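A.B. asks: Throw the hints in and build the complete structure from the sequences for me.
Number of protein chains: 2
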Amino acid sequence: MFENEERTNIEKLGEFGLIDHLTKNIKLTQKSSIKGVGDDAAVLDFGGKKTLISTDMLLEGIHFDLAYTPLKHLGYKAVQVNLSDIYAMNGTATQVTVSIGMSSRFPLEAIEELYEGIYLACDKYGVDLIGGDTTASKQGLVISITSIGYADEKDIVYRNGAEEGDLICVSGDLGGAYTGLQLLEREKLVYMENPNIQPDLEGKDYIVERQLKPEARKDIIDLLQDMQVKPTAMIDVSDGLASELLHICKQSNKGCKLYEEKIPIDPMTYETAREFNLDPTVCALSGGEDYELLFTVKQADYDKIKFKLDFTIIGYITEPNAGCNLITKSGNMHELKAQGWNAFGSLQ
Amino acid sequence: MFENEERTNIEKLGEFGLIDHLTKNIKLTQKSSIKGVGDDAAVLDFGGKKTLISTDMLLEGIHFDLAYTPLKHLGYKAVQVNLSDIYAMNGTATQVTVSIGMSSRFPLEAIEELYEGIYLACDKYGVDLIGGDTTASKQGLVISITSIGYADEKDIVYRNGAEEGDLICVSGDLGGAYTGLQLLEREKLVYMENPNIQPDLEGKDYIVERQLKPEARKDIIDLLQDMQVKPTAMIDVSDGLASELLHICKQSNKGCKLYEEKIPIDPMTYETAREFNLDPTVCALSGGEDYELLFTVKQADYDKIKFKLDFTIIGYITEPNAGCNLITKSGNMHELKAQGWNAFGSLQ
Numbered sequence: 036m037f038e039n040e041e042r043t044n045i046e047k048l049g050e051f052g053l054i055d056h057l058t059k060n061i062k063l064t065q066k067s068s069i070k071g072v073g074d075d076a077a078v079l080d081f082g083g084k085k086t087l088i089s090t091d092m093l094l095e096g097i098h099f100d101l102a103y104t105p106l107k108h109l110g111y112k113a114v115q116v117n118l119s120d121i122y123a124m125n126g127t128a129t130q131v132t133v134s135i136g137m138s139s140r141f142p143l144e145a146i147e148e149l150y151e152g153i154y155l156a157c158d159k160y161g162v163d164l165i166g167g168d169t170t171a172s173k174q175g176l177v178i179s180i181t182s183i184g185y186a187d188e189k190d191i192v193y194r195n196g197a198e199e200g201d202l203i204c205v206s207g208d209l210g211g212a213y214t215g216l217q218l219l220e221r222e223k224l225v226y227m228e229n230p231n232i233q234p235d236l237e238g239k240d241y242i243v244e245r246q247l248k249p250e251a252r253k254d255i256i257d258l259l260q261d262m263q264v265k266p267t268a269m270i271d272v273s274d275g276l277a278s279e280l281l282h283i284c285k286q287s288n289k290g291c292k293l294y295e296e297k298i299p300i301d302p303m304t305y306e307t308a309r310e311f312n313l314d315p316t317v318c319a320l321s322g323g324e325d326y327e328l329l330f331t332v333k334q335a336d337y338d339k340i341k342f343k344l345d346f347t348i349i350g351y352i353t354e355p356n357a358g359c360n361l362i363t364k365s366g367n368m369h370e371l372k373a374q375g376w377n378a379f380g381s382l383q
Numbered sequence: 036m037f038e039n040e041e042r043t044n045i046e047k048l049g050e051f052g053l054i055d056h057l058t059k060n061i062k063l064t065q066k067s068s069i070k071g072v073g074d075d076a077a078v079l080d081f082g083g084k085k086t087l088i089s090t091d092m093l094l095e096g097i098h099f100d101l102a103y104t105p106l107k108h109l110g111y112k113a114v115q116v117n118l119s120d121i122y123a124m125n126g127t128a129t130q131v132t133v134s135i136g137m138s139s140r141f142p143l144e145a146i147e148e149l150y151e152g153i154y155l156a157c158d159k160y161g162v163d164l165i166g167g168d169t170t171a172s173k174q175g176l177v178i179s180i181t182s183i184g185y186a187d188e189k190d191i192v193y194r195n196g197a198e199e200g201d202l203i204c205v206s207g208d209l210g211g212a213y214t215g216l217q218l219l220e221r222e223k224l225v226y227m228e229n230p231n232i233q234p235d236l237e238g239k240d241y242i243v244e245r246q247l248k249p250e251a252r253k254d255i256i257d258l259l260q261d262m263q264v265k266p267t268a269m270i271d272v273s274d275g276l277a278s279e280l281l282h283i284c285k286q287s288n289k290g291c292k293l294y295e296e297k298i299p300i301d302p303m304t305y306e307t308a309r310e311f312n313l314d315p316t317v318c319a320l321s322g323g324e325d326y327e328l329l330f331t332v333k334q335a336d337y338d339k340i341k342f343k344l345d346f347t348i349i350g351y352i353t354e355p356n357a358g359c360n361l362i363t364k365s366g367n368m369h370e371l372k373a374q375g376w377n378a379f380g381s382l383q
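Residue numbers (our numbering), protein chains in the order written: chain A, 36 to 383; chain B, 36 to 383.
Honestly, I wouldn't trust all of these hints.
A pair counts as met if it fits within one copy or between any two copies, since identical chains are not told apart.
Derived DSS-like pairs: lysine-lysine, alpha-carbon spacing no greater than 27 Å straight-line [said to hold, decoys possible]:
| hint | residue 1 | residue 2 |
| --- | --- | --- |
| 1 | Lys62 | Lys285 |
| 2 | Lys297 | Lys189 |
| 3 | Lys372 | Lys47 |
| 4 | Lys62 | Lys189 |
| 5 | Lys47 | Lys66 |
Note that these hints are calculated values from the structure, not bench results. Because the structure is a prediction, the values reported are computed rather than measured.
C.D. replies: So, in structure tokens, the structure goes:
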């Protein structure tokens, strides 16, 4: 990957030289960041607000494949995945810590590329990088990020607040990240069989970007605030719509009706799923990694949200005994089941 | 390792079943823990206090060897290593998030053992586990922990506050964890050459425990508070005394004089170092992983600390042009150099 390029051996920099090198341009911008990188711990001050903390681990071979994932994109995505959890609490993300384990097969330029993506994401979302850990790895590339944010107590949205009759909404569209992954995996196989064939991703930018460079939906949080709509429950879509909706229903002790025809699917996602003989609805329900926000709102808020194009009403919350159901396009009712791809899963 | 024992396949539990299983007994005890495991992010409330955050990553083959590290000890140590950073800020540790990547070669019983150690450490230090991530790993075992704590602004001790004339103090004794590691590595080699020979660790409990089951020095923080002594600078000893003292001097823009004869070394550490033809002083200076606290105090506080057995005065801070020097037992002066073993190093 870096064979024809300049390579700087990490060991030449030394342990603390590497840290200085990677962090020398950090400028703390959050008022709550009192002290960032450079001591035993970072120091934060949220005044009277509640602090939000979330963490995710990304492992090579499980969560990403360096054969088709540029390191800059990977760094960007790793931050987005974490910020998404803070927004899913209706909070403001303010800081991240980033820990990286890397084998010596990576030159300094590779780590720099990874950090370039990390800093780009931090910059774009106004988040400070305040600490972390860098270590050699005998295994593959390991990325662990913890995100920190805040919210007023009255604004926090948990997963367990959905009430009977609430409308189920989801931002953006679903299934794109998963079909993008299928495409990348196919082109990888083609390339491995014949390295002279260039990957054919033409016209597929949108779904490839959904997979490689997702955006956490801070804009939706801002929009809801502008509209003065506080969701009753919220979660981000990392494992697929079905899994996330079941989390909300289980934790709220409610049932739901989800309408297949309402699930927002981009035409390119639809078309690509068909190419792969996949059901586009299944891609949306179980594909995951879309990092959209799934939330429920009171029916009383319907007038405020009905003309918004940024999210779609896809069903409603029922009493628990009705179960969690998908109403298909043909009008049949099926029990909603989670078949997320995710390995083991997250505590948060 | 688990061949003759009962094995439960992790995949049978499913992703969320595993999380439920590992977290079902969590009881939040910290007033500041508003919401722990089970939503997109944990929610914390530190009132008007400053929040402290630190993070560390432990990778199999780099930071630990499962050939001689019981998983319970590993879980315990992983938490201690993190809490140590919060205490090194003169703070109170209150929460941790724990992310684990594990290959399927581990049965559920192995993860349980790891978590047993994690919970034991949390319990003993009064810290809540509030979130994390569990994932399959194609590589080895990966552990990433973020610790959270708080302090009043006036109590926080950074690395950069040392002044000329300040006394340099270190808690406990040094070099034990490193000589314990040498012993474990030797016995591993013996065992690999002839599996019928049982490891010979008799009488070496102390240094083996220093390596496998270190304790973060919360007691020293409590003691300093009782004595009404606020250090001017502080750091925990993870990479070795020399490296840590150089951090304090560099960040404080000062020099130091460190006296070899004052460096606290346990007789068992001394004797074992000699067995391995190692200089005990070098083990203390560069061995690392002792997780003692290194701190500087004003000379005016000398009367308060002079009879304390929990820590030792090992030198004093000088003006920067004097450099950082070690005065040997024979009275010679050498420039102090860091030769920590640590791979790449930590941002904090």
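A.B. asks: None of the hints should be skipped; say for each whether it holds.
C.D. replies: Hints and how they fare:
1. Taking CA atoms no more than 27 Å apart as the test, Lys62 paired with Lys285 passes between copies only; the shortest distance there is 20 Å, against 42 Å inside one copy.
2. Proximity of Lys297 and Lys189 under a CA criterion of 27 Å is satisfied in neither setting, with 31 Å inside one chain copy and 56 Å between copies.
3. For the identical chains of this complex, Lys372 and Lys47 are inter-copy neighbours only, at 17 Å across copies versus 52 Å inside a copy, given an alpha-carbon limit of 27 Å.
4. In this assembly of identical chains, Lys62 and Lys189 lie within 27 Å of each other by CA distance solely across copies; the values are 24 Å between and 31 Å within a copy.
5. With identical chains, the CA atoms of Lys47 and Lys66 are never at most 27 Å apart, being 36 Å at best within one copy and 46 Å at best between copies.
The structure shown violates the earlier hints numbered 2 and 5.
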